[in-house]
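Visitor: Protein chains in written order, with my numbering: chain A, 1 to 658; chain B, 1 to 658.
Certain hints may be false.
Note: identical chains are not told apart, hence a pair may lie in one copy or across any two.
As the list claims (entries may be wrong) - Straight-line C-alpha distance at most 16 Å; calculated EDC-like pairs for lysine to aspartate or glutamate:
#1 Lys-136 x Asp-611
#2 Lys-136 x Glu-314
#3 Lys-136 x Glu-315
#4 Lys-636 x Glu-509
Derived by calculation from the structure, the hints in this document are not laboratory data.
Number of protein chains: 2
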Amino acid sequence: MNSSSRCTVTLLPDKRQRMVPEGTLLQDAVRQAGIDADIPCGGQGRCGRCLVRIEKGQVWRRPNAHLTSQQIALGWALSCQTEVRGDVTALLFPEKVRERFVVSGTASLKVPRRVRPPRDPVISQYLLELPPPSLKDNLADLERLRRALASASGVKNLEIDLSVARGIHQTLVEGSWKATAVVEHALSGGSSRLVALRPGDAVGTSLGLAIDIGTTTVKVVLVNLRSGRIIDTASAFNRQMSCGEDVISRIVYSQRGDGVRHLQRLVRETINGLIAEVCALHELEPEHIDHVVVAGNTIMIHLFLSMNSRPIREEPYAPMATSFPAVSAPEVGLRVNPRASVYCVPAVAAYVGGDITAGILGSRLHQREGLALFMDVGTNGEIVLGNSDWMAACACSAGPAFEGAGVECGMRATNGAIEDVTINYHTLEPKVRVIGGGAPQGICGSGMLAALAEMFVTGIVDKVGRVNTAIQRGQESGRRRIVDTSHGPAYVLAWASESDTGQDILLTEVDINNLIRTKGAIYAGVGVMLRGLGIDARDIDAVLIGGAFGQHLNVEKSIIVGLLPDLPWDKFHFLGNTAALGAYQVLISRRMRRKVEEIAHRVTYLELVADNSFMNEFISNLFLPHTDIDEFPSVKEVLAQASLNNTQAVAVGERGGR
Amino acid sequence: MNSSSRCTVTLLPDKRQRMVPEGTLLQDAVRQAGIDADIPCGGQGRCGRCLVRIEKGQVWRRPNAHLTSQQIALGWALSCQTEVRGDVTALLFPEKVRERFVVSGTASLKVPRRVRPPRDPVISQYLLELPPPSLKDNLADLERLRRALASASGVKNLEIDLSVARGIHQTLVEGSWKATAVVEHALSGGSSRLVALRPGDAVGTSLGLAIDIGTTTVKVVLVNLRSGRIIDTASAFNRQMSCGEDVISRIVYSQRGDGVRHLQRLVRETINGLIAEVCALHELEPEHIDHVVVAGNTIMIHLFLSMNSRPIREEPYAPMATSFPAVSAPEVGLRVNPRASVYCVPAVAAYVGGDITAGILGSRLHQREGLALFMDVGTNGEIVLGNSDWMAACACSAGPAFEGAGVECGMRATNGAIEDVTINYHTLEPKVRVIGGGAPQGICGSGMLAALAEMFVTGIVDKVGRVNTAIQRGQESGRRRIVDTSHGPAYVLAWASESDTGQDILLTEVDINNLIRTKGAIYAGVGVMLRGLGIDARDIDAVLIGGAFGQHLNVEKSIIVGLLPDLPWDKFHFLGNTAALGAYQVLISRRMRRKVEEIAHRVTYLELVADNSFMNEFISNLFLPHTDIDEFPSVKEVLAQASLNNTQAVAVGERGGR
């Protein structure tokens, strides 16, 4: 069948076949086999929708950033970037798998490229060979195991769960008196625990899971605990969204009847769904997940643990806990090894949670000599200022506008969302970039910020957020982009005919005021911290930006609207999902676990409602970029240039801030 | 109503009333009120069947050993020992409660009269007064509690269960920021744990439970953990009895389908029934039982923990465990505080269990300078020889004959059982003592031993256990006591007309051989140990006898049949239920817990099936008292005296051995 020039491509699961010349793109073979491939990026290896798994045969993958080497090892390939080099059998993944790959990927979790096996792992695996019992040595199975383990690992005083003990004889016999002991090392003064005993040589099969429970999105990171490598990540919307979009509405919901338990069930189902999905994809056993670390804001963790969060909402805003009880997986309903312990990263206070503590760890703020500002921008905005000597934190309820809620055409940063906007100064016509490359369905946070900055610079909105309905400029062609709506005047980013929804995609004056309040609340936190601690913004050595939303931010446009302080661009570092990164570090290292607890203790919490300074700062921020334009000298310059009426559109956004 | 000479007695729950003169026995008032009182002891305050609780009014109790001062404090009284001193309201307990009181009482658990609060308790209670949270001090509830507890008790690194953490806010508010923390101290290198947080001042309400799981009987001891005092004990037959009477049949049963879980359920139900009963009686909350210690033989503990016990039965007789996993009450289904931990006293080997380890602790064998022999005689016979320097143990499967099984008229040592027998040498007529004082229903272990000894001394049986059917002596009156049955010749202890069952109560030659094999197996263990270790029986300084059956033994008669070594009577100490005593000590003291673990490690186990010496010893013991009569010089003397044909019956049993 095989010839030097012709190859047979077999496509699973339908077993469709096609003969193609060697060197043909796999994607072309798929298309020729009559399978409709929806590839929004047009075959540039960007959208990830043409994901396949090579089951058999030779292929050549063009270099591509989208796949990790681990994924390649599993046979994964993007068919638009893969050439056929012989008879090939490939599996076409179902829509759901490809969709997940598109939405999440691993891009948002920035980990070092070279991962070394952790030196001080939380979980160790020991291969034991036990002498079978005899009349002369009829020590009990459990004591036999303890003896072997003590000599293999030096671990003494091992705590053994009843459920492991019950299965011990069966396991030892099954593995012919060879077994792999999975030990969770003593943490915070406790004993070491045997979390699993697996028959035979099962060293290396132990998995760990880091979870970031966001108010909006839940992300899981599946890790090989021996090598420390990330096998995959997966995210999904927190199913609690159906009970309220922000933490306050969740607390309110939790007070009704069975509310706490219902919310707990929803987040548990979200996580269990992700576990099942990511394990199935890699053909791994959820039962082999031997340790779990969870980071999340204080309310999310209260709900995850079914703890009453009502006191958080009422003065004096004291939560039930900031360092959380150690729990086992079954106690919180996670479908992993039932002996796995679930560690929730400790919080600083009611509104500065374990996601921030983990974020500080992930961002290494606590190791910096120079002064750094850490911002986690999401539904809540948390701000940490400090260095290796001291750290202070505050939180401001930004509201969910940046995540698409409460904005006419708002949506989350998924396929179909406008993520960047440029407006031509002369024609007032926009150019938009859509996630996934198709027709737009709405606008996400970064798109909103870009649009707002562009509208401000081009004079479509003024510094208090009013839309200039009378604006006329240059050779305005076609329809006027400024229209009237029931929410006041609005700017149309995409006409109904261009959009995926059949309706105009626009930003109204009400939306704009919402966005200004949101950015105002966040920057007010920065302002209170700086002024309260007597620090000049120019002394900030680095701005570390974490959080799901943060990773899409454009520095220049964020400065123009007054969301980020006006500092040189090279001071900004986009760190992706720092909460997940920190949780991952805590998952694989005992030292990191101690470190994160130390961080939780060291951070000083500033309660913004305790005095009036926050309100004063907030009111000053209800301008673009700020009531005091001198705090934003670079914006002043941009505006001056714009008003010089250059022949070219201001180059806003063409370079991008990253 | 009240006069100097007439008093009204009101009897609950029926509210029957009766006027009686002051000084009348309460029991007479009960009888006069038309209530039928079944009091086998005839009103001597011995049987306990007339138990009542004085709800109101003045009474005078005659001094009586049957009630503890605690029971008296609860209002309990024996109506046959209580005089009316004014208008009195008394509750008549239902049959079931009185029955339990009769069967168990506290007599079998010998504890020091004066109990001091434990110096190193396993559980401590701290009354905390917390400052309520404010905006200036809005520490989380859990951290607030940790802070208060650390300053009140010095306890740091406290482990807090999720279930306690969930209720913390509610509890603190309910007690107006005053609460009682119940802490389980760090044991074997672990952390201290908060097992309960109770609103307000609840110091002193913490209870503990020591459990002795016997193959036949389960006993619970309810303890006030602050004072260390025993509140009450209760016993019941192990419901597993329906699945086999000895450990081997239980193992066999456990191998069928759902056998292990079924057996676990049965013993759990037995214990939960006792907990409910003893708590209801004292109006205490099972939820306040904060710690549980369990002693039992290795198989009973395996079944209690739902661990497979099959390997115990097969060569090389290695159990799954001898030191058991730490478990929480819900894991084993006990209805107490769900955070209570359940500690199973470690075993030495498959057939020398935690009941023996606890028994050694309770008997203080491990502290003795002189050589001591500890015997626990039950369905299994366990024997420990040693002192403070060394200890060795072995076990012999005695069989359940002493507990009434496999013997024609055998029964357990409860009401209606013949517990002692004397036979007139001249008339061959017996005199019997029946537990509870009524007509006999059968014969229990101590009665069988007494009967066997008497029959041997009077010549009714010879030294190999044959019944002398031809025996004729003196003025034999009435019917011949030696009769023929389908199980061979037999001796009648009570005629059908005298018995409660309407049938003759007798001991057949088959029964006698069964008894000889049983005593032979136990004494063979003693013999192997002594000879194996090169020790002369006369070097034994003390014989410590524990176990449910042990407490009814008569020394002299036991020596005559060859069950106990022939030593001076003052060397024998009857310690009652040493397993329960040891478990009680472990329940209230951390030092005792370490001690019992040390004992489990120190005892050397001798496997009797490993060589032939046991079988040789056993065969030598299939005689009364032994193949070598010189090992039993005092018996030789008794027999010599008997054959001198004294005019009086040999005074066997008239003095009793205790």
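Visitor: Hints the structure violates: just list their numbers, smallest first.
Guide: 4
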